[in-house]
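**Q** Residue strings, one per chain:
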Amino acid sequence: MDVTARPLAPSVETGLVRAHGLAAILMLFGALTFGVLASTELLVPDLAGGSVWLSWGRLRYDHTQGIMLGWLANAFFAFLYHAVPVLTGRPVTSLRLGQWLFGLWNFAVVLPGWVLVLAGFSQPLEWAEFPLVVDAFVVLSLMLAIVQFLPPFFSRGLEDLYVSSWYVIGGLVFTLLAYPMGNFVPELVPGARGAAFSGLWIHDAIGLYVTPLALAIIYFVIPAATRRPIFSHFLSMLGFWLLFFVYPLNGTHHYIFSVIPMSAQKGAIAASTILGVDVVLVVTNLLLSLRGAGIFPRDPALRFVGTSAVFYLIVSIQGSVQAQMAVNQAIHFSDWVIGHSHLAMLGFATFAAAGGLIHIWQRIPQARYNPTALNWAYWLLFAGVVVMVTDLSAAGLVEARLWGSAAPWIESVRAAAPFWMIRTLSFVPIAAGFITLLVGLVTGDRGAGLLAVEHSIGLEPVEAIAPRLAAASAAEAS
Amino acid sequence: MNGRLLRMSYLVASVGGVGFFALSVLVLGVWPGRTLEDQTRRMSPDHPLGLSLSEQRGRVIYGRDGCAYCHTQQVRYVGADVSRFGAPTLAWETRFDYPQLWGTRRIGPDLSREGAVRSADWQLSHLYSPRSLVADSVMPAFPSLFEGAPDRPTQEGRDLLAYLETLGRARELAGPEGEARARAASGGMPEMMSPVLNASPAKARRQGDHPALAAVRDPGRGAEVYRQNCAGCHGVRGEGDGAGAQGLHPRPANLAEHEYTLDRLGFALWNGVAGTAMPAWRDLPPADLSAVAGVVRAFYAERREPAIPAAVIELGARVYAAHCAQCHGEKGAGDGSAVGELRVVPTNFVTQRPSLAASLAALRNGIDGTPMAPWGGKLSEAELSAVAYFVRGFYNP
Chain A
1 MDVTARPLAP
11 SVETGLVRAH
21 GLAAILMLFG
31 ALTFGVLAST
41 ELLVPDLAGG
51 SVWLSWGRLR
61 YDHTQGIMLG
71 WLANAFFAFL
81 YHAVPVLTGR
91 PVTSLRLGQW
101 LFGLWNFAVV
111 LPGWVLVLAG
121 FSQPLEWAEF
131 PLVVDAFVVL
141 SLMLAIVQFL
151 PPFFSRGLED
161 LYVSSWYVIG
171 GLVFTLLAYP
181 MGNFVPELVP
191 GARGAAFSGL
201 WIHDAIGLYV
211 TPLALAIIYF
221 VIPAATRRPI
231 FSHFLSMLGF
241 WLLFFVYPLN
251 GTHHYIFSVI
261 PMSAQKGAIA
271 ASTILGVDVV
281 LVVTNLLLSL
291 RGAGIFPRDP
301 ALRFVGTSAV
311 FYLIVSIQGS
321 VQAQMAVNQA
331 IHFSDWVIGH
341 SHLAMLGFAT
351 FAAAGGLIHI
361 WQRIPQARYN
371 PTALNWAYWL
381 LFAGVVVMVT
391 DLSAAGLVEA
401 RLWGSAAPWI
411 ESVRAAAPFW
421 MIRTLSFVPI
431 AAGFITLLVG
441 LVTGDRGAGL
451 LAVEHSIGLE
461 PVEAIAPRLA
471 AASAAEAS
Chain B
1 MNGRLLRMSY
11 LVASVGGVGF
21 FALSVLVLGV
31 WPGRTLEDQT
41 RRMSPDHPLG
51 LSLSEQRGRV
61 IYGRDGCAYC
71 HTQQVRYVGA
81 DVSRFGAPTL
91 AWETRFDYPQ
101 LWGTRRIGPD
111 LSREGAVRSA
121 DWQLSHLYSP
131 RSLVADSVMP
141 AFPSLFEGAP
151 DRPTQEGRDL
161 LAYLETLGRA
171 RELAGPEGEA
181 RARAASGGMP
191 EMMSPVLNAS
201 PAKARRQGDH
211 PALAAVRDPG
221 RGAEVYRQNC
231 AGCHGVRGEG
241 DGAGAQGLHP
251 RPANLAEHEY
261 TLDRLGFALW
271 NGVAGTAMPA
281 WRDLPPADLS
291 AVAGVVRAFY
301 AERREPAIPA
311 AVIELGARVY
321 AAHCAQCHGE
331 KGAGDGSAVG
341 ELRVVPTNFV
351 TQRPSLAASL
361 AALRNGIDGT
371 PMAPWGGKLS
381 EAELSAVAYF
391 VRGFYNP
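Sequence order for the protein chains is A and B.
Residues in the first sequence are numbered from 1 upward in steps of one, following this note's numbering.
Residues in the second sequence are numbered from 1 upward in steps of one, following this note's numbering.
Chain A on its own, in the form it takes in the complex (with noise of 0.2 Å):
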């Protein structure tokens, strides 16, 4: 099926998709703030100045709360408010229901959770910080998210189905099964046997949330913009299901050496190992959809899409050998996995929203749209993830050396100061990306996007389309 074949489906409710796009950014700049805090208090550990509101650890719960349930959750959503209706050519549920998501979504979890968190509210259980009581008002927006986005693709028929829109339902199907693992029950079941399902829970939030729905987006984005079909719907398949089956056997591979049994280990190791190889044949799928696009396309969503493919395989890959006890046994605990996680969070979903956010807004009309800020958006990005995670993995090192060593402890954090040093500091490309990604889509010409689309001109100067904007403007009053 081609996407792009399809007019653009006149339901689209772009208040939505405008209103969880600026929330997803905004709420990006408190997640990024909590991170900077948190990474200069490993700096200077008494730049709070003994405040419990703002102590690392409850800067840290901040952060990735953010990210994952601020930033991500709010760019799918603001995704799913255009493709669905794309990919159907059905409008979505419901308008209401949806100015009732995005309510719940920002004013009963990410905010409130933020607060409770920094006022002492929280579970110490990792991606799964929020307080119980969040917890419940996240897996009742995940229930009204499936009332309003999957309906249109089951009343379509599912014969014909894009993958694009396997990875929709399968990302909002299992992220409502997966939430509860890891957020109810290591409350309810102690030690060890909790840390079996935590460890679920670690993977499939990555596993069955942000990476369904990043790959939904990159899926969506790469034929639409290049105006080709995928390379092969045959490995587009393959790869989806292999992923469902494959991903939620990972969860243990975060408690490898520990007491949890070595086959329940094992199979885990061996799962991830696979994921590897799935990984490989996506993304090879995708880059070789994006044949003739150029390693950098033009057009700032196809770029940022294509980059977060690449970064996709990378951080597969890594996972892959990360799993494995020889490399597992010395990397674990590290700052290697810290730069492991900003390599999947940052790099490959982040790249995924981002590109996602600039696609859908090229094409509400009216919107505005500055391509210039967009390209300098992508190289600060682009700049500030490879300095970061080159600088932890090498961190990871150092410290996974020295704790093998006879040096008492303290040596390592000494040794990782220089290092946390560099990650601080790789705040401001990554800062300066985010502001002009902001800047990219609230400044410009009005309806330059819609232009930019349909001239597929992509970073062509706006005054070289000046007078057919004009005259598109003129045809559309007459």
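Be aware that one or more of the hints could be misleading.
Part of the chain A face toward chain B, derived, beta carbon under 10 Å [as the list claims (entries may be wrong)]:
#: 1; residue: P45
#: 2; residue: D135
#: 3; residue: F174
#: 4; residue: V185
#: 5; residue: A195
#: 6; residue: F197
#: 7; residue: D204
#: 8; residue: A400
#: 9; residue: W409
#: 10; residue: V428
Covered stretches of chain A (chain B as the covering partner; in silico rule of three or more C-beta atoms under 8 Å from a C-beta of chain B) [stated by the list, open to error]:
#: 11; segment: 122-128
#: 12; segment: 247-253
#: 13; segment: 334-345
If you are wondering where the hints come from, they were derived from the structure by calculation, not from laboratory data.
Where is the CB? At the ideal position from N, CA and C, for every residue including glycine.
Go by the hints and put chain B onto chain A.
**A** Okay, now just chain B, sitting in the frame of chain A:
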């Protein structure tokens, strides 16, 4: 026909997808859980100690403030972990942990056996101001758990301390019987049942002889080691007045007022000083210990000793025999008959000589936080000075 086939295949795949998700929960969650439950039953002592209310509240604070995001509570079955932290964490040790606090990142050390590794006043001082004790620590300070001073914790501060002191406690208390039981039931993984429950070098265990320190002069390295590890409590000039000294009882030794033999320093550095906040420093290489011993010995400036009349010495000997020898020993070696009942070992005057001023001050005022009582009102001025002179004569460098 084709459409129907496709629909069927999607249906099968969808059911399969949900099935795989359910499978993952079964094989990576439920089934390991049953195995772990069974393991817990077989390896656990019959009545493992749970947490008191105060300890449970402390656990909530530990979770709330993200302690588990820098400190794991899980020693892995990995040589590097075991040699640093002790025996791998068994399932039964975490049986009361709702929710689990294993952690996946170590910026600070693993804490699964932290209980009794450090003294209570060390822990409180460290929570109040980590860098006053560990110069290069990046741990956040938690002054909100205190009323303005490290020895004045709030209820929350006491709760958190109580929780920290439980870490590893149940396994310690289960003792050799518990270990034997776990070993017998461990079946597939006996190779990593480390005989050392807690490998923390900071835990004062009298095992292994302390290394003989060399009388080296390496002021550069020694000063660096001293700054990083010692100055926080003992102060930059060794006067026992570092920022970390504030909340410690007894106070850190005033190194400028004592002469130490190398052997005495080697013993204290290797084993720590029981009953005080002074931890063992076995994780430092012996060369560093020698270098820092050189720095410590240099703090004591030689001063002119007045000539002591024989009569004074004789009075000192009499007073000492009457009042001091029970604890400090007849020959001043800190080995009197009462030693076994004391929380802090009495000073051994053979290996450590206080300055006259320090000796007099200790006699007059006692030493806070130790069994050394003040003798100011009980002995006459002449007796005090006589015994202060007398004890300095035991020193045998």
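**Q** Mind listing which of the numbered hints don't hold for this structure, in increasing order?
**A** Checked against the structure, the hints that fail are numbers 2 and 10, while the rest are satisfied.
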